[in-house]
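Undergrad: Since the structure of chain X is provided, determine the placement of chain D on it from the hints.
The listed protein sequences correspond, in order, to chains X and D. Count the first sequence with the numbering used here and you get residues 22 to 131, in order. Count the second sequence with the numbering used here and you get residues 82 to 193, in order.
Treat the hints as calculated values from the structure; they're not laboratory data. There is no bait here: all hints are sound.
The calculated label-pair distances, taken between Cβ atoms and stated as ranges, are:
(1) T93(X) <-> V133(D): 38 to 44 Å
(2) S46(X) <-> S148(D): 36 to 42 Å
(3) T47(X) <-> G121(D): 22 to 28 Å
Listing some non-contacts, in silico: residues in chain X with all C-beta distances to chain D over 10 Å:
(4) N40
(5) G50
(6) M80
(7) I84
(8) D88
(9) V129
Chain X regions said to be covered by chain D (calculated; three or more residues, Cβ under 8 Å):
(10) 59-66
(11) 118-127
Ideal Cβ positions, reconstructed from N, Cα and C, are used throughout, including at glycine.
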Amino acid sequence: DAKTTQPTSMDCAEGRAANLPCNHSTISGNEYVYWYRQIHSQGPQYIIHGLKNNETNEMASLIITEDRKSSTLILPHATLRDTAVYYCIVRAGNNRKLIWGLGTSLAVNP
Amino acid sequence: DGGITQSPKYLFRKEGQNVTLSCEQNLNHDAMYWYRQDPGQGLRLIYYSQIVNDFQKGDIAEGYSVSREKKESFPLTVTSAQKNPTAFYLCASRGASQETQYFGPGTRLLVL
Numbered sequence: 022d023a024k025t026t027q028p029t030s031m032d033c034a035e036g037r038a039a040n041l042p043c044n045h046s047t048i049s050g051n052e053y054v055y056w057y058r059q060i061h062s063q064g065p066q067y068i069i070h071g072l073k074n075n076e077t078n079e080m081a082s083l084i085i086t087e088d089r090k091s092s093t094l095i096l097p098h099a100t101l102r103d104t105a106v107y108y109c110i111v112r113a114g115n116n117r118k119l120i121w122g123l124g125t126s127l128a129v130n131p
Numbered sequence: 082d083g084g085i086t087q088s089p090k091y092l093f094r095k096e097g098q099n100v101t102l103s104c105e106q107n108l109n110h111d112a113m114y115w116y117r118q119d120p121g122q123g124l125r126l127i128y129y130s131q132i133v134n135d136f137q138k139g140d141i142a143e144g145y146s147v148s149r150e151k152k153e154s155f156p157l158t159v160t161s162a163q164k165n166p167t168a169f170y171l172c173a174s175r176g177a178s179q180e181t182q183y184f185g186p187g188t189r190l191l192v193l
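Looking at chain X on its own, in the form it has when it is part of the complex:
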């Protein structure tokens, strides 16, 4: 099962783009990369996922490198409400188990 590594914490100024990196160098060809976030004491919230191509939705953009060994989640205009722990996860196996790491604690500052 592929594992991910993320920086422990990051800061971002309100209104600026937040770029959260993730390394998944052992990812298999059929494993998806997922991003969730968790605001303190709440359930995780799905943000975006991708396999090979870059993806964009109303919340964020996901940039996956060509070799698929790393990815970056981009919040284009961070707000204070984006302060949360962001988890980069790969999906393992047919049971769709998600393997969770420790995530990146993002602080958006006014």
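TA: Leaving out everything else, chain D in the frame of chain X:
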């Protein structure tokens, strides 16, 4: 409103007691999951069920039990065999043709 509900939000248990955490979803999802989260840690999978009347152990199933008698319900029982039950418990569900798991608000269990 469609979604996943967990109750109660906070739960206190005396040592040696079993306690059951509720998880209900009205999303018509086939798969349901239970995770445990300790402070400052990621989520760890306890049990999951991909279809009614079937479930599998996750990575930390010891001291826990589940049932899946109805599609919309996946209760988790924390037994007295679980030596360190104080944690935040999260339930999730996923549709059969979907890749994404959606989470409930969680139940915080505290052993007194």
